[in-house]
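S.K.: The lines below spell out each chain.
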Amino acid sequence: MSLFLEFLATLKETVVDVLPILSIILGFQLLVIRKPIPNIKQVGFGFIYVLIGLALFLLGLEKALFPLGKMMAEQLTAPEFIQAGEQVLTSIHWSDYKWVYIFAAAIGFSTTIAEPSLIAVAIKAEEVSGGAINANSLRISVAIGVAIGIALGSYRIVVGHPIHYYIIAGYIVVVIQTFYCPKLIVPLAYDSGGVTTSTVTVPLVAALGLGLASTIPGRSPLIDGFGLIAFASLFPIIAVMAYAQLTEAKALLAKQRLEKRNRSKIEKRNDKLKQQDSIKESKNNR
Amino acid sequence: MNHQLLVFLKALLGSCKDLLPIILVIAFFQFAVLQQPMPNIGDILIGLMLVVLGLTFFIYGLEMGLFPIGESMAQAFAKKGSISWLLTFAFCLGFGTTVAEPSLIAVADEAAIVAAAGGIITDTLESQHSYADGLRFTVAFAVGLAIVIGVLRIIRGWPIQYLILGGYVVVVLMTIIAPSWIIGIAYDSGGVTTSTITVPLVTALGVGLASAIKGRNPMIDGFGLIAFASLTPMIFVMIYGMVIS
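Heads up: the protein sequence lines correspond to chains Z and L, in order. If you read the first sequence in the numbering used here, its first letter stands for residue 1, the second for the next number, and so on. If you read the second sequence in the numbering used here, its first letter stands for residue 1, the second for the next number, and so on.
Check each hint, because a few of them may be wrong.
Derived DSS-like pairs (lysine-lysine); straight-line CA-CA distance at most 25 Å [unchecked claim]:
#: 1; chain 1: Z; residue 1: 35; chain 2: L; residue 2: 79
#: 2; chain 1: Z; residue 1: 283; chain 2: Z; residue 2: 260
#: 3; chain 1: Z; residue 1: 283; chain 2: Z; residue 2: 272
#: 4; chain 1: Z; residue 1: 98; chain 2: Z; residue 2: 70
#: 5; chain 1: L; residue 1: 214; chain 2: L; residue 2: 79
#: 6; chain 1: Z; residue 1: 183; chain 2: L; residue 2: 79
#: 7; chain 1: Z; residue 1: 255; chain 2: Z; residue 2: 183
#: 8; chain 1: Z; residue 1: 283; chain 2: Z; residue 2: 268
#: 9; chain 1: Z; residue 1: 35; chain 2: L; residue 2: 80
#: 10; chain 1: L; residue 1: 79; chain 2: Z; residue 2: 41
#: 11; chain 1: Z; residue 1: 183; chain 2: Z; residue 2: 250
#: 12; chain 1: Z; residue 1: 268; chain 2: Z; residue 2: 255
#: 13; chain 1: Z; residue 1: 280; chain 2: Z; residue 2: 265
#: 14; chain 1: L; residue 1: 214; chain 2: L; residue 2: 10
#: 15; chain 1: Z; residue 1: 35; chain 2: L; residue 2: 214
#: 16; chain 1: Z; residue 1: 250; chain 2: Z; residue 2: 272
#: 17; chain 1: Z; residue 1: 260; chain 2: Z; residue 2: 272
#: 18; chain 1: Z; residue 1: 255; chain 2: Z; residue 2: 265
#: 19; chain 1: L; residue 1: 214; chain 2: Z; residue 2: 41
#: 20; chain 1: Z; residue 1: 35; chain 2: Z; residue 2: 12
#: 21; chain 1: Z; residue 1: 70; chain 2: L; residue 2: 17
Because the hints were derived from the structure by calculation, they are not lab data.
Sequences are here, hints too, so could you generate the full structure?
M.R.: This is the structure we're talking about:
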């Protein structure tokens, strides 16, 4: 019973969040477009499903994953775990935090796979590209990007480098890739940076950043706790373009191989024909 | 009926697969690295079931409601042929969905505490509120503008890379002149703006527009709106930081 009440409370919050979007859509539809919405019944039910789904999703996350994930982020960054027995860290080496980086990458990857807005974009991309872009491959490449981004971002907090060096270096990679990767993927790759960080990823990543910044001497949770999200939005762009480049390279390689095989087949056939010809000729000559 | 049930079960199974990595990661770290038992396992199982159900419903409703409405509105605007109304709609959609976004409100409040602790603003609740609101409206305005630029790009067929890379150059230049305490917040603000409902709607709008306008390729021109929405907030938040100090 209390679970149901909690669900209703979450549903109410979700509806309140969606109200501005809904009023804008309805306002423009009624006042500017002035035509009934096509398939209004289906669209209406779709909206209701989305709201119920989102509320269930958020409630479930609050119940199961967030408390555990946040506790884990705290425990993994706690001084007692990093240097057994010591309460306050005196000297740290970046490699003391190896489990933090592994956790950061693993949690970045797995939360991205479950991110609803990424699922939406991936479905749309597969549909629009006529299957040339596979929804699951796209999601996995984005998740790899987020994993690398958050692990690197955690490393940055540990060593205390200024954030903009990393971000600017990332931008330079994006610029170079943009000129060498298939044109079709560029807009989608740029988009994938923004969609990765929402409902599932942000709370867990924020807990990780806060845990790190508040336990490492010389870091301020208020200043160094920010920035992980920026990493998580930049690296998927690189990863998606890399995925496209790899796919293209693989296709090119396969094509070359096929051509080679065909060529050798043709040559063999020609050889055979020649042999037959010469046999025939020699028969004729006789 | 049987067929629908089958579709639903298949979707449910898909959601389970989507969630499996998180479960594995958490279980591995809990048992193997931290070496602790799983606390209140009952709650966790119920929570996981809710997440799986929620994801299934969301994806179901996505294809029934959010995608169709985004595309039908894009087509209606394209047919109407009024660019100014389309751009107004784009701005409202960007601004309206961002200004009330819960994760943005959370980040803005946190940023206000940072600013107060750093002595950027006076340490009163009132000035913190006005600072957080200012930040929120700045980001919302930036997202509104981003969707406007993005829609304009689709209509005109401008190549996206020059606009985005130009935006990067602006971000880098602003980083040099903006006060250092705003930079982390500014970089993060690009990522938190796009919510779970905005993303499918905006994507459907872009793809719908690109398929309704002659000569546009939905793959090349339809995507990219979200990219703008994650770029402009960085620039505008840095401007906000410069104005404040």
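S.K.: Holds or violated: residue 183 of chain Z and residue 250 of chain Z, Cα atoms, limit 25 Å.
M.R.: Cα-Cα ~17 Å, so holds.
S.K.: Given the hinted pair residue 183 of chain Z and residue 79 of chain L, is their alpha-carbon gap at most 25 Å?
M.R.: 28 Å, violated
S.K.: Tell me if the straight-line CA distance from residue 214 of chain L to residue 79 of chain L falls inside 25 Å.
M.R.: 12 Å, holds
S.K.: Is residue 98 of chain Z close enough to residue 70 of chain Z, meaning Cα to Cα at most 25 Å?
M.R.: Status holds; Cα separation ~18 Å.
S.K.: What's the verdict on residue 70 of chain Z and residue 17 of chain L, does the C-alpha distance respect the 25 Å limit or exceed it?
M.R.: At roughly 23 Å apart (the allowed maximum being 25 Å), residue 17 of chain L and residue 70 of chain Z satisfy the hint.
S.K.: When you check the alpha-carbon spacing of residue 250 of chain Z and residue 272 of chain Z, does it fall within 25 Å?
M.R.: Violated, because 33 Å separates the two Cα atoms, which is more than 25 Å.
S.K.: For the pair we were handed, residue 283 of chain Z and residue 272 of chain Z, check the Cα-Cα distance against 25 Å.
M.R.: 16 Å, holds
S.K.: For residue 260 of chain Z and residue 272 of chain Z, compute the direct alpha-carbon distance and say whether it is at most 25 Å.
M.R.: 18 Å, holds
S.K.: Quick one, are residue 79 of chain L and residue 41 of chain Z close enough, alpha carbons at most 25 Å?
M.R.: It holds: about 23 Å lies between the C-alpha atoms, which stays within 25 Å.
S.K.: What's the verdict on residue 268 of chain Z and residue 255 of chain Z, does the C-alpha distance respect the 25 Å limit or exceed it?
M.R.: Distance of about 20 Å is within 25 Å: holds.
S.K.: Against the 25 Å threshold, does the CA-CA distance of residue 283 of chain Z and residue 260 of chain Z hold or violate the hint?
M.R.: Between residue 283 of chain Z and residue 260 of chain Z the Cα gap is close to 34 Å, so the pair fails against 25 Å, i.e. violated.
S.K.: What's the verdict on residue 35 of chain Z and residue 214 of chain L, does the C-alpha distance respect the 25 Å limit or exceed it?
M.R.: 23 Å, holds
Checked against the numbered hints given earlier, the structure breaks hints 2, 6, 14, 16, 19, 20 and satisfies all the rest.
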